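Chemist: These are the residues of each chain, in order.
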Amino acid sequence: MSRIAKEYGDIQKTLASNDPIVNPYQGLIESLNPIDETDLSKWEAIIIGPTHTPYEHYRFRILIDVPSSYPMAPPNIRFDRNNILHCNIKSPTGEICLDILKPEDWTPVWDLLHCVHAIWRLLKEPVYDSPLDVDMGNIIRCGDTGAYQGIIRYFLAERDRNICR
Amino acid sequence: MSSGGEEDHFNSFDKSDSNSIELYESQNTSEFTIHDLLFPKLTSVTSQESEFDINEDEDGVDIMCDGMLDAPITKSSKRILCEGSVPNLNYECLTTKGIFESMLQRVDHLQPIFAIPSADILILLQHYDWNEERLLEVWTEKMDNLLIDLGLSTVANIKKDSDHTSHSREVEFKNDFTCIICCDNKNTETFALECGHEYCIGCYRHYIKDRLHEGNIITCMDCSLALKNEDIDKVMGHPSSSKLMDSSIKSFVQKHNRNYKWCPFADCKSIIHLRDTSSLPEYTRLHYSPFVKCNSFHRFCFNCGFEVHAPADCKITSAWIKKARKESENLNWVLSHTKECPKCSVNIEKNGGCNHMACSSCKYEFCWICEGPWAPHGKNFFQCTMYKNTEDSISKNAEDVNKTLKKYTFYYRLFNEHEVSAKLDWNLGQTVGTKVHALQERMGISWIDGQFLSESLKVLNEGRTVLKWSFAVAFYSDASHNLTKIFIDNQMLLANAVEFLSELLQIKNPEVIMKRRPEFYNKAGYVENRTTALMECGRELLCKGICKVVE
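Residue numbers (numbering that gives the first Met the number 0), protein chains in the order written: chain V, 0 to 164; chain E, 0 to 550.
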């Protein structure tokens, strides 16, 4: 477990810095920390929606389970339930389809920051070839980018309206 | 140890009978003499079997049963038909070790062409699924690029980390080394390839161990440089690369499952290799099944991997087994959580992730929803959401379903009874050896003369299996057809004959056995004839389409 403890220290240092060389995640990852300071197996992260995407100006919570076999096995990462709409994410469960998070493609050199960053990249560049949300995949495959983005904007506006209430 | 029997590979048996083993030894040594004395003309057929006996000597228990069951007293052409084996089916029985050794020989042949170390050729072959032709094709096209792609060219990788050029693929001991994987700071052994990505030996071992069973090339954790077998052995401290080769060969067998089949019997590691599969469709058309026998004498169907199932063909067998399993909750789970790969029929469990599935064994890419290939989904994705659940059409007529269920239960009970009986017969088989022994001792009968008992048991076992599977055929046959009635009459005749023979074999008193010896011959011969007749009749039902699987 010393690896995850070390990562915790590094993450705190990195994210606290204002220097873009030390902290390249500024404006991407708002926070990444264990939910409970005493339990390093459950983490949460807040990422900021990439600019020029429907996710811009929105923030998303990511839940991370770090298995005891970490870093030999990948962390288990998902979004909050019904919190995001994306063709590689199953909205009701928040499940993410991303190759580097699969055991066969995972390598122990990657760390939690890498993973969260990769998810941020996924928001920016959806992988249309292997959609997890089939309906969203269909829309984008038809080339109707407008509709795809429109639905996401509507979903997110609706989401925040519900939260305000 | 548990191993399957001739007929009952679904059950495992206690093999504690030390008597039997002892008997087997005496039997085995004398077997050659019978073959030679009684059947000089048959030596070409039987000598091959004798060879197996010698090879498999350590595995005495298995052979004991089969050796007894196999003692060929009458081997006629009719007999071959009766066993359901197909003439001209040329196959060989291999092991993963055997395949790997022949691969090594091929590497030696390829070495002069490639002019790179043998270990590198092995990696190339591994990447191309041991397909020499494809490898040579790509090699002539790409040459050096191929080496870079597969992480064999160290030149390309060293450039990236020019400050770490001193690494020489050796385990080194370092004081105060910080491993970036486990983040421990300690005095430890480390390992790195030429790329200089150095980690502590504990992390490296862990990483390799997790990947040995996947059968793919293992690379450095941070770049594409490949670990060779000797590197793996060096890191692990013992020869572990053989495990990787083993799993690589296993995946090769799985990917070439048209020509290679694992022996389905528990704990049997044999692989049957059928070079020419072109005749298989013809056998299927005639409703013959390609039954094969591995070096441990396990007989199974090359097509469907089940036990010998004549007179039923593979289609009837698989339908029957699926139906039988449907009863259990277990299958319901399998049906809802897993699907067969549309290409290689391996069961795949979907435990998350998207609908873009890639079969781990044959690498076929398909859509989980419609089970169609993935490629066309690139443009037209609509058909999947429109996928209709077939369950709607099932509830057509409740009464009809009920009727089928009754019919099924009726036949399944019969099927099951014979399976149970076959198991009891197996127990009987354990005692036959003792009986022959007793005959030798108390009646002064020679071992050869006592063999009619073993032979009868073999005939009984075969008759029982055929009878068992004939109920599956009966279930799927049109009951109103005249031929079905003839088939059922044939079943009755065989059932009676089998029961009679089974009774005879229950006799314990050696004197009675010897007195009724002619009856053994008669009944065994009769069962044999009835078995053949039932099998032929069943095949006719299938050929004429009277017996077929109705969806």
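Watch out, some of these pointers could steer you wrong.
In silico DSS-like links for lysine-lysine, alpha-carbon gap of 25 Å or less [as the list claims (entries may be wrong)]:
{"#": "1", "chain 1": "V", "residue 1": "Lys-101", "chain 2": "E", "residue 2": "Lys-96"}
{"#": "2", "chain 1": "V", "residue 1": "Lys-101", "chain 2": "E", "residue 2": "Lys-208"}
{"#": "3", "chain 1": "V", "residue 1": "Lys-12", "chain 2": "E", "residue 2": "Lys-185"}
{"#": "4", "chain 1": "E", "residue 1": "Lys-254", "chain 2": "E", "residue 2": "Lys-96"}
A few chain E residues facing chain V, derived, Cβ under 8 Å [stated by the list, open to error]:
{"#": "5", "residue": "His-205"}
{"#": "6", "residue": "Met-220"}
{"#": "7", "residue": "Glu-539"}
Keep in mind that the hints were calculated from the coordinates and are not lab data.
For clarity, every value in this text was computed on a predicted model and none was experimentally measured.
Just so it is clear, CB atoms sit at the ideal spot from N, CA and C, and this is done for glycine as well.
Chemist: Which numbered hints are broken by the structure, listed smallest first?
Modeler: 1, 7
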